[in-house]
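Peer 1: Sequence:
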Amino acid sequence: MAVKVSNSLSPFYVELAKKNLSENPAHVQAHLTAFKRWLSSCQHLTIPQDVIISVRNFIQIFIFLFLKKCLKHEDDAFLLGFLRYAHYDHSVAQKRIDNFCSVRCLSKHGITEWYKYPKLTDPIVDVYLDAGIFVPLGIVDSGVHMFILRLKAWQSDRLSQTQMRALNNMNFERFIFDEQCQIGGVGIFIDLSGTTAKQVSEWTDPRTAKSSMKLLQEATPGRTKHLIFYKESKAFDIGFKIFEFWLSDKMRQRIIRIKDDTEKAFKKIPGLKQIMPEEYGGCNGPVKDLIGK
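Adding 11 to a residue's 1-based position in the sequence shown gives its number in this note's numbering.
The set of hints was computed from the structure by calculation and includes no laboratory data. Bear in mind the structure is a predicted one, so any value in this text is a computation, not a measurement. Note that CB positions come from ideal geometry on N, CA and C, so glycine has one too. Hints should not be assumed to be uniformly reliable.
[As the list claims (entries may be wrong)] Beta-carbon label-pair distances, calculated as ranges:
#	residue 1	residue 2	range
1	Val136	Phe23	32 to 38 Å
2	Gln40	Arg169	43 to 49 Å
3	Lys304	Gln264	29 to 35 Å
4	Lys30	Gly303	33 to 39 Å
5	Thr44	Arg169	42 to 48 Å
6	Arg48	Gly303	41 to 47 Å
7	Ser52	Gly303	42 to 48 Å
8	Gln285	Ala41	35 to 41 Å
9	Ile266	Val136	26 to 32 Å
10	Ala208	Arg48	49 to 55 Å
11	His101	Met262	20 to 26 Å
12	Ser21	Asn295	18 to 24 Å
13	Ile249	Gln166	19 to 25 Å
14	Gln40	Ser212	44 to 50 Å
Using the sequences plus the hints, can you model the full thing?
Peer 2: Structure representation (structure tokens):
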């Protein structure tokens with residue numbers, strides 16, 4: 012289904028976009044037109060006529076066809092995410108959408124497998140969703156959309172790390188089209204309780220850690236406002252030193268490490284307690300009910 016720009020944003024988000032992103036509703040369409048004009052001129056984002064369609068370049072072809080839809084005004088909300096991320100600075104938006112394509116497609120980044128999404132009818136999707144690894148929580152007072160990532164829910168005998176990352180990305184990217192997410196930003200509560208040294212080592216492998224940080228910080232239109240680490244193990248503390256190496260100063264400032272003290276996060280983020288599951292000291296019922304939604 013085509014995704015178009017919404018005309019029904021609440022006054023809260025209209026004002027938030029104006030205040031934080033310098034958005035003027037009267038100028039949005041002109042920005043989109045100029046962005047599409049630039050995009051249509053990008054030779055490196057097109058596929059040569061003699062390309063051989065194969066599994067290896069499927070992702071490139073998918074992105075190419077999707078961008079073509081965007082140029083036909085069918086998916087303005089997708090492109091608007093990049094403009095909003097960039098506060099309507101077109102050079103920043105252009106660089107980010109270029110990275111959005113290249114990080115996924117170029118083998119040198121080592122993460123193309125993370126974007127080979129299964130069909131929705133694949134049984135592996137139900138295995139993933141039933142596990143409740145990555146679950147939307149709701150919106151805090153500032154307008155940020157919060158999610159919880161529960162690594163202990165990942166059973167590596169049922170889902171490989173690559174499959175889990177692909178499904179996490181597939182799940183999260185639904186929100187690229189959500190204009191409230193684009194404006195308010197996103198936050199992730201990362202529950203590290205019960206994780207093994209093997210899981211930590213896989214997540215902090217230098218090559219994939221570097222690529223995942225590049226993806227998060229340079230190649231998605233999502234505006235990450237909070238990263239909360241809960242119940243970090245000693246193994247994670249060691250691995251975090253590798254992970255931290257590629258963090259920008261801005262991202263470092265958005266990290267909250269709370270060990271097992273969720274009140275620390277609740278005090279820093281008004282409204283978080285109201286949407287957190289009761290297992291974490293919140294008021295939003297048990298995790299299983301949120302997974303069921």
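Peer 1: Please go over all the hints and tell whether each is borne out by the structure.
Peer 2: Results for each hint:
1. Val136 / Phe23: 32 to 38 Å: holds, 33 Å
2. Gln40 / Arg169: 43 to 49 Å: Cβ of glutamine 40 to Cβ of arginine 169: about 46 Å, so the range 43 to 49 Å holds.
3. Lys304 / Gln264: 29 to 35 Å: At 32 Å between Cβs, range holds.
4. Lys30 / Gly303: 33 to 39 Å: holds, 36 Å
5. Thr44 / Arg169: 42 to 48 Å: holds, 47 Å
6. Arg48 / Gly303: 41 to 47 Å: holds, 45 Å
7. Ser52 / Gly303: 42 to 48 Å: holds, 47 Å
8. Gln285 / Ala41: 35 to 41 Å: holds, 39 Å
9. Ile266 / Val136: 26 to 32 Å: Since isoleucine 266 and valine 136 have Cβ atoms about 30 Å apart, the given range 26 to 32 Å holds.
10. Ala208 / Arg48: 49 to 55 Å: Taking Cβ atoms as reference, alanine 208 and arginine 48 lie about 51 Å apart, which means the hint holds.
11. His101 / Met262: 20 to 26 Å: holds, 23 Å
12. Ser21 / Asn295: 18 to 24 Å: Distance hint for serine 21, asparagine 295 holds at roughly 21 Å.
13. Ile249 / Gln166: 19 to 25 Å: Because 24 Å falls inside the window, the suggested range holds.
14. Gln40 / Ser212: 44 to 50 Å: Between glutamine 40 and serine 212, where Cβ atoms are some 48 Å apart, the hint holds.
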